[in-house]
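Build the full structure now, drawing on both the sequences and the hints.
These protein sequences, in sequence, are chains A and B.
The first sequence begins at 1 in this note's numbering and counts up one residue at a time.
The second sequence begins at 1 in this note's numbering and counts up one residue at a time.
Hints were generated in silico from the structure; no laboratory data involved.
Be careful, since some hints might not be right.
Cut-off 30 angstroms, straight-line C-alpha distance, at most; resulting in silico cross-link-like pairs (DSBU-like, lysine-lysine) [unchecked claim]:
1) K128/A / K229/B
2) K128/A / K136/B
3) K128/A / K128/B
4) K128/A / K225/B
5) K156/B / K128/A
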Amino acid sequence: MIGAIFPGMSGENKLGAFFTWDYHRDMLRDYSIHGILACGMTIVILTAGIDLSVGSLLGMTGMFFAHLMINLQLSPAVGIPFSLVAGTAAGLLNGVVITSFRIQPFVATLAMMVSARGLAKFIGGGRKIQAGTQQLPAIFEQISSQVLNNNLAIVTIIFLASMGVFWLILNRTRFGRHLYAIGGNDEAARLSGVRVNLVRTAAYGIAGLMSAVAGVCYAARTYYGDPEAGQGYELTSIAMVVIGGTSLIGGRGGIFLTLLGTLIIGYIEKILSINGVEIAYRFMVEGAIIVAAVIIQQTGRRTRL
Amino acid sequence: MAKLDLRKIGYSFFWLLALLPLVIGTGCRKVEEEIGGIQIVFRTDCQWLEENGRREMASALSRFDKIDAVYGHNDPQAHGAYLAAKAEGRGREKTVKFIGIDALPHEGVMYVKQGVLTATLEYPTGGKEAIDLGMKVLKGEEVPKWITLGTRLFTKENVDKGGLEIPAKGPKRSGLKPDKPRPSKRLAETKQVVIGMSQCNLAEPWRVQMNEDVRDQAKKYPEIKLLEKDAQNDVTVQQSQVREFLTQGIDLLIVSPKETVPMTVPVKEVYDAGIPVIVLDREIQGTSFTCFIGGDNVLIGREAGKYIASLLNGKGNVVELQGLMTSEPGVDRHEGFLQGLKDYAKEHEAEAGSGK
Chain A
1 MIGAIFPGMS
11 GENKLGAFFT
21 WDYHRDMLRD
31 YSIHGILACG
41 MTIVILTAGI
51 DLSVGSLLGM
61 TGMFFAHLMI
71 NLQLSPAVGI
81 PFSLVAGTAA
91 GLLNGVVITS
101 FRIQPFVATL
111 AMMVSARGLA
121 KFIGGGRKIQ
131 AGTQQLPAIF
141 EQISSQVLNN
151 NLAIVTIIFL
161 ASMGVFWLIL
171 NRTRFGRHLY
181 AIGGNDEAAR
191 LSGVRVNLVR
201 TAAYGIAGLM
211 SAVAGVCYAA
221 RTYYGDPEAG
231 QGYELTSIAM
241 VVIGGTSLIG
251 GRGGIFLTLL
261 GTLIIGYIEK
271 ILSINGVEIA
281 YRFMVEGAII
291 VAAVIIQQTG
301 RRTRL
Chain B
1 MAKLDLRKIG
11 YSFFWLLALL
21 PLVIGTGCRK
31 VEEEIGGIQI
41 VFRTDCQWLE
51 ENGRREMASA
61 LSRFDKIDAV
71 YGHNDPQAHG
81 AYLAAKAEGR
91 GREKTVKFIG
101 IDALPHEGVM
111 YVKQGVLTAT
121 LEYPTGGKEA
131 IDLGMKVLKG
141 EEVPKWITLG
151 TRLFTKENVD
161 KGGLEIPAKG
171 PKRSGLKPDK
181 PRPSKRLAET
191 KQVVIGMSQC
201 NLAEPWRVQM
211 NEDVRDQAKK
221 YPEIKLLEKD
231 AQNDVTVQQS
241 QVREFLTQGI
251 DLLIVSPKET
261 VPMTVPVKEV
271 YDAGIPVIVL
281 DREIQGTSFT
291 CFIGGDNVLI
301 GREAGKYIAS
311 LLNGKGNVVE
321 LQGLMTSEPG
331 VDRHEGFLQG
341 LKDYAKEHEA
351 EAGSGK
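Next comes the structure, spelled out in structure tokens:
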């Protein structure tokens with residue numbers, strides 16, 4: 001019956017794939033990495049900035065991680081912290097360039113996007129780093145595994161946990177309130193004693209850190225370091241933040257909205273994918289839905305006021 | 001803050017729910033195509049990307065309980081499908097057969113060795129052949145104008161022996177007259193030649209492999225000095241790089257064009273200046289080149305179709321993960337695949353008929 005109304009739901013599963021947990025688990029797992037990037041992106045966008053380098057930093061830290069783990073055979077206790085530090089350092093560099101040289105975030109992070117991609121290629125000599133015939137370090141399998149009787153992916157847990165941490169940072173700490181203040185009006189924030197440059201630099205550092213977390217997850221999920229990994233992810237994560245309703249002008253929004261944006265994009269893509277919709281229609285539908293989402297968010301805001 | 005959030009969630013989910021039936025109801029068929037006993041149950045454009053292959057395969061897996069084989073238009077997509085099956089946690093990565101194309105030594109061939117892919121078919125780069133033929137041209141020997149390379153099928157059994165050779169059925173464009181031999185003066189006098197290699201995009205692993213094949217083969221000839229240029233996927237950059245080679249005074253040009261039409265004129269300029277040109281993989285218009293070397297994606301697709309059909313004894317459910325269907329290789333690998341399935345069905349009909 002349902003199959004007759006919604007042909008896409010008819011498969012060999014009795015009720016249709018949409019009503020199986022696997023479907024939702026796969027969606028969450030596939031979009032967790034985008035979601036992790038979107039966490040960092042939310043913080044940057046709240047300060048009225050933008051970070052275009054997250055996708056490239058994902059690729060770079062993934063390569064770095066794969067290099068440490070596969071080529072140098074180091075322990076994960078060394079490999080993971082070093083990768084995270086590398087990502088954070090690149091993010092902080094973004095912040096320093098933006099604040100101390102007064103370069104627009106768009107330009108500074110665009111430069112980082114290009115050079116981090118170059119560094120990613122340099123690390124592997126233009127090639128993927130993979131285990132080949134040697135033993136793959138166990139950490140790859142561990143991060144890409146699923147727990148609770150195979151029902152929840154580790155990457156999803158990392159994603160949801162970072163959402164939680166970011167919610168605490170934004171709503172329960174002084175740093176969080178400062179981020180909103182800077183996004184709202186940085187001059188006013190400065191006059192009321194907020195160390196604007198420091199907070200802003202930290203925001204980019206955090207975005208870098210989240211890129212590194214995503215990079216490690218990505219490398220683990222694919223079992224190799226790919227210099228081309230994460231291309232276009234910066235735009236997806238910006239879309240996730242914006243669809244949620246966080247304003248690009250800054251000062252308005254929250255991490256919970258980003259979770260919403262992540263789910264919306266994830267479900268749309270999953271629904272289109274499971275129906276085997278042709279790629280041309282997919283792009284059109286996705287574009288239309290992004291616009292529709294933002295329009296609806298704005299209507300919501302207007303009625304509230 | 002919290003109040004605002006709740007309202008927004010309400011709005012977003014409201015319209016998402018409203019859109020659901022619309023989106024779910026679009027463009028879906030239960031079986032895409034049926035040839036002989038082979039049903040292509042799921043088919044989608046993955047744009048050559050591993051992560052898309054993985055996502056689409058996860059969708060296929062949650063829709064179909066019985067999937068016997070996956071045909072990936074390239075190895076990364078087939079590998080992505082394997083990872084999706086593994087992540088599903090029902091052990092289907094062990095029962096489904098994964099077949100890819102390209103067979104790069106560090107990619108597909110390695111996956112076959114590891115037992116991840118059941119088979120992969122080589123899409124030859126022609127890099128090695130280009131250097132060998134180039135040296136023949138420079139020494140004044142006559143070479144054919146058009147060479148279509150065959151393929152090799154790698155399976156677990158034959159991967160260590162270098163795969164099973166499948167020759168091409170003659171050149172794709174035939175009836176072209178070979179150029180008159182023009183031996184290089186510099187090679188004869190100084191025992192040295194400069195070869196320029198113009199690559200359209202070194203961000204693709206297959207093209208990295210092509211350059212490596214060219215480089216490795218060039219090392220076998222002590223008289224070769226090789227210059228490489230990468231156009232970074234920009235056709236105007238490649239145009240100017242080919243012209244740069246002309247001013248740099250090369251003796252032979254190897255070019256792997258990004259696009260057919262825009263590269264025709266610069267290549268013709270080089271060729272008309274008396275420098276032999278070897279074109280790899282993608283064609284250029286007209287006959288202003290010394291030799292074209294390329295693989296045959298239709299042949300590869302067809303062999304993949306025949307192989308999958310015989311693997312399943314002519315019966316089963318297949319998922320096809322396509323490459324970018326606006327690109328020629330994607331279309332050829334798809335068309336060839338369908339032909340291969342048809343070939344198999346026809347042969348076996350005939351066999352069954354004669355058996356009676």
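Hints and how they fare:
Of the pairs offered as hints, the one joining K128/A and K229/B holds, with about 21 angstroms between alpha carbons and a cut-off of 30 angstroms not exceeded. A hinted pair counts as satisfied when its Cα atoms are at most 30 angstroms apart, and K128/A with K136/B does not qualify at roughly 35 angstroms. Under the criterion of a C-alpha separation no larger than 30 angstroms, the hint pairing K128/A with K128/B is consistent with the structure, at around 22 angstroms. A C-alpha spacing of about 28 angstroms is found between K128/A and K225/B, which places the hinted pair at or below 30 angstroms, so the restraint holds.
With a C-alpha separation of about 23 angstroms, the suggested pairing of K156/B with K128/A holds against the 30 angstroms cut-off.
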